[in-house]
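Trainee: Sequence:
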Amino acid sequence: MENTPPVDFERARSATLEEISLLVHAPDVEVLQGLIENPLFNETHLCLLLERKDLSGDLLEAIARRRELVKTYRVKKALAFHPHVPRIVFIRVVRELYLMDLVQLTLLPATQAGLKRLAEDVLISRLAHLPLGQKLTLARRAPARVAGALLAEGHAQIAKVVLDNPFLTEAQVLKALSYKKFPAGVVQTVATHRKWSLSYNVRLALLRHPATPLAVVLAVLPNLTVGDLKVLSSSEVLPGNLRRYVAHEIEKRMSAARASRKKLP
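Start counting the sequence shown at 1; every next residue gets the next number (the working numbering).
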């Protein structure tokens, strides 16, 4: 004998327009499952339903399978932003989101970490095709990985903006500075930035970068530990003339230390 659908399911599947508007607030899953199969259930009803944060992933997946319901941008966005959206549904809709909606999605605390990374990947994949104006907008507000990807492009105008991005992390700045072909002008911008020029690890990275101006190198050397200077002096990463400057800085520090010890009683 076949299973008979619950009465609530059948009632919802055949509900009138007025009843649907009330039933979208029903707590029973069977009612909601019946609603999405109701031929009168439309986009307005669906968006009202998707405002509910208590919907299960199974129900959201069932909604996504109703392709006639998931045709408009409004519905796709509501699905992508729902805190319980299944990964399979998210993958389907996230690539269709507008640029700034993607940014908003990546910055929402409620967005699951794995889905946030997927949204960031979509943003990064679009960077090469964006006009300068949109890149500058992104540079101000984008999450860390996207901001880092913008910095790594090496565009001077974008770099000046993205270095002030509050979400940009030291790890992303260091990643950009690890590219040996990073333009000298952008290296200079990092080296003189009011925040990143004060980072010890960034200073080390600047010293290792072949495009760092000599004036920046000389300004950075006194701020590094003798231990790091010794590592740098034996590194083949630095050109010969810079290794000489490093060796000179080490000798100056060692001489000062010896002189200080002699003054002790």
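No wet-lab data here; the hints were simulated from the structure. There's no promise every hint is true.
What the hints assert, rightly or not - Below, a list of computed lysine-lysine pairs in the DSS-like style, where the Cα atoms sit at most 30 Å apart:
| id | residue 1 | residue 2 |
| --- | --- | --- |
| 1 | Lys230 | Lys181 |
| 2 | Lys160 | Lys135 |
| 3 | Lys195 | Lys160 |
| 4 | Lys230 | Lys252 |
| 5 | Lys71 | Lys160 |
| 6 | Lys175 | Lys135 |
| 7 | Lys181 | Lys160 |
What the hints assert, rightly or not - The following label-pair restraints were derived from C-beta to C-beta distances:
| id | residue 1 | residue 2 | range |
| --- | --- | --- | --- |
| 8 | Gly185 | Gly114 | 54 to 62 Å |
| 9 | Arg194 | Arg65 | 22 to 30 Å |
| 10 | Glu236 | Arg194 | 38 to 46 Å |
| 11 | Lys180 | Gly133 | 28 to 36 Å |
| 12 | Glu30 | Pro166 | 43 to 51 Å |
| 13 | Leu48 | Tyr179 | 17 to 25 Å |
| 14 | Gly114 | Pro166 | 17 to 25 Å |
Backbone N, C-alpha and C define an ideal beta-carbon position, used for all residues, glycine too.
Trainee: Now, for every hint given, state plainly whether the structure supports it.
Mentor: Checked hints:
The hinted pair formed by Lys230 and Lys181 meets the criterion: a straight-line CA distance of about 25 Å does not exceed 30 Å. With a C-alpha separation of about 12 Å, the suggested pairing of Lys160 with Lys135 holds against the 30 Å cut-off. Between Lys195 and Lys160 the alpha-carbon distance is near 12 Å, which keeps this suggested pair within the 30 Å criterion. Restraint check: the Cα-Cα separation between Lys230 and Lys252 comes to about 13 Å, which is no more than 30 Å; the hinted pair holds.
Taken as a hint, the Lys71 and Lys160 pair is broken in the structure, with Cα atoms around 40 Å apart against an allowance of 30 Å. Pair hint Lys175 plus Lys135 holds up; C-alpha atoms about 19 Å apart against a cutoff of 30 Å. Proximity of Lys181 to Lys160 is assessed by CA-CA distance (about 18 Å); at most 30 Å being required, the pair is judged to hold. Distance hint check for Gly185 and Gly114: the Cβ-Cβ separation is about 37 Å, which falls outside the suggested range of 54 to 62 Å.
Between Arg194 and Arg65 the C-beta distance comes to about 52 Å, which lies outside the given range of 22 to 30 Å. Under the hint 38 to 46 Å, the C-beta atoms of Glu236 and Arg194, about 33 Å apart, miss the expected range. Our hint of 28 to 36 Å for Lys180 and Gly133 holds, since their Cβ atoms are close to 30 Å apart. Judged by the Cβ atoms, the range 43 to 51 Å given for Glu30 and Pro166 holds: they are separated by roughly 46 Å.
For Leu48 and Tyr179, the hinted distance range of 17 to 25 Å is not satisfied, since their beta carbons lie about 49 Å from each other. Distance hint check for Gly114 and Pro166: the Cβ-Cβ separation is about 23 Å, which falls inside the suggested range of 17 to 25 Å.
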